[in-house]
Amino acid sequence: MSLSVTQLTRQPELDILEIKNESIVFTLSNTDISVANALRRVMIAEVPTMSIDLVEFEANNSVLCDEFIAHRLGLIPLVSDNVDKFNYTRDCSCSERCDQCSVEFKLNVKCSNQRPIDVTSSDLIVVSNNNNSVIPVSSQTTERTDEIPIVKLRQGQELRLRAIAKKGVGKEHAKWSPSCIATYQFQPIVTINQNRMDELSDKQKEEWVGSCPTKVFGYSPHNQSQPVSVDEPMRCMYCLECKKKAEAFGKPDLISIEQKQDKFIFTVESSGSLKPEDIVLSAIQIIKAKLNSIQTQLSEGMI
Amino acid sequence: MNAPDRFELFVLPEGAKKVTMTRDTKIPNASMFVILKEDHTVGNLVRMQLVADPDIIFAGYRMPHPLEHNVNIRIQTNQNTTPLDSIKKSIECLTNEFLNIEDQFKTMVQRKKHMADTYI
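These protein sequence lines map, in sequence, to chains H and B. Counted the way my numbering counts, the first sequence spans residues 1 to 303. Counted the way my numbering counts, the second sequence spans residues 1001 to 1120.
Hints were generated in silico from the structure; no laboratory data involved. We put the CB at the ideal spot given by N, CA and C, even for glycine. Check before you lean on any hint, since a few could be wrong.
Pairwise CB distance ranges, derived in the manner of DEER restraints [what the hints assert, rightly or not]:
(1) B:ALA1016 x H:HIS173: 21 to 31 Å
(2) B:LYS1017 x H:ASP66: 38 to 48 Å
(3) H:LYS215 x B:ASN1002: 50 to 60 Å
(4) H:CYS239 x B:ALA1016: 43 to 53 Å
(5) B:ASN1002 x H:GLU56: 17 to 27 Å
Distance condition first, Cα-Cα at most 20 Å in a straight line; then the derived DMTMM-like pairs of lysine to aspartate or glutamate [unchecked claim]:
(6) B:LYS1112 x H:GLU18
(7) B:LYS1106 x H:GLU277
(8) B:LYS1088 x H:GLU300
(9) H:LYS171 x B:ASP1005
(10) B:LYS1112 x H:GLU277
(11) H:LYS175 x B:GLU1008
(12) H:LYS245 x H:GLU206
Chain H on its own, in the form it takes in the complex (with noise of 0.2 Å):
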């Protein structure tokens, strides 16, 4: 007897633990680790984003050549909130490129001063009329400090040069990667076994609480009842110091660490190029458009 779709279909489920302006943090479960694994895959690899493809250098006396110049241009993260309203060039109907497959910027710097001069993210400026949404990250706000050094000019010293951002993947080059981090981890599960606890002393206690390089567990003497308890499991990175010092104490069985390694918690920073829920939703759509490209051919044309 065959099982059904609805049968073989897995019910995940998804909590979203934190949100902030750059990174998320959601936990994933009731599901395969190959389905956690896509997904992180995609995040780094396959959400589109723009960066700066092409350089046309028409002055250069600084002191870094011009390749090593045009690799740093393609690093800086841009806005790319709009990358659906853009093509690939090699989609694009036009010729060569054209304003719905690129973005132009401009970048003209001259030291005239005594003093060297930073080249930052922000000299950066959209030639391009139609959008000008594509931008540096770091000009979105005013704050120097975000500005992205890009070489240093002293007295005499140019650097004009005209780019061209155009959308791409992380698989073609890592600068078109939306996220700075993409992982997931296992649920620990800490649990201190409460009778062996109280055959330690206070200062073997003490000793072993701090044995976790992590912060795992807190230390109140007050407590008459508990006074080891597991603050933030979340913390533990499986290192099992706690064992070993529960091991040179001679009681093996004090601390138990396992993974549950059915949920997965995922955190995904972004680079500033993408807000991080559009990556993560961004890369469950190209998943779907993946597996649908490959139902509707197997639908089709198959002998």
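Following the hints, position chain B against chain H.
Frame of chain H; chain B shown alone:
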């Protein structure tokens, strides 16, 4: 100079079929599916879903060569179904699953944003 274009990693060549199926000549109910321009992301995803189906005797995937961006999925089933039907069923399951994840994610984001609006 003669380096292949970087987009060859993920752009399907003109006129090529995304998926092709070849029947195994020696084993009944066994086929090899070649999916062009895909990698472990889809390969492993589909394989794990196939393995969950009790009608599948064998399902595995491989990337035959690091410079060819294709995955091969090999499936052998029992008499109740065929490899083609089972892979279609698996992909339907996965599509449903991702639809579900997407819906949940959207509602959760909405809820979180709403909460942030009321508390700040």
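The hints, checked one at a time:
Between ALA1016 of chain B and HIS173 of chain H the beta carbons are some 24 Å apart, a value that agrees with the proposed interval 21 to 31 Å. Taking 38 to 48 Å as the suggested C-beta distance range, the pair LYS1017 of chain B and ASP66 of chain H conforms, at roughly 42 Å. Taking the beta carbon of each, LYS215 of chain H and ASN1002 of chain B are about 55 Å apart, inside 50 to 60 Å as hinted. Evaluation of the 43 to 53 Å hint for CYS239 of chain H and ALA1016 of chain B yields a pass: the beta carbon distance comes to about 49 Å.
Checked against the hint of 17 to 27 Å, the pair ASN1002 of chain B and GLU56 of chain H passes, with Cβ atoms roughly 25 Å apart. Between LYS1112 of chain B and GLU18 of chain H the alpha-carbon distance is near 8 Å, which keeps this suggested pair within the 20 Å criterion. Proposed proximity of LYS1106 of chain B and GLU277 of chain H is supported: the alpha carbons are some 9 Å apart, at most 20 Å. Between LYS1088 of chain B and GLU300 of chain H the alpha-carbon distance is near 11 Å, which keeps this suggested pair within the 20 Å criterion.
Only pairs whose Cα atoms come within 20 Å are accepted, and LYS171 of chain H paired with ASP1005 of chain B is accepted, the gap being roughly 12 Å. The suggested pairing of LYS1112 of chain B with GLU277 of chain H holds, with an alpha-carbon distance near 11 Å, which does not exceed 20 Å. Simply put, LYS175 of chain H and GLU1008 of chain B have alpha-carbon atoms about 18 Å apart, close enough for the 20 Å limit, and the pair holds. With a C-alpha separation of about 11 Å, the suggested pairing of LYS245 of chain H with GLU206 of chain H holds against the 20 Å cut-off.
Comparing the model with each numbered hint stated earlier shows that all of them hold.
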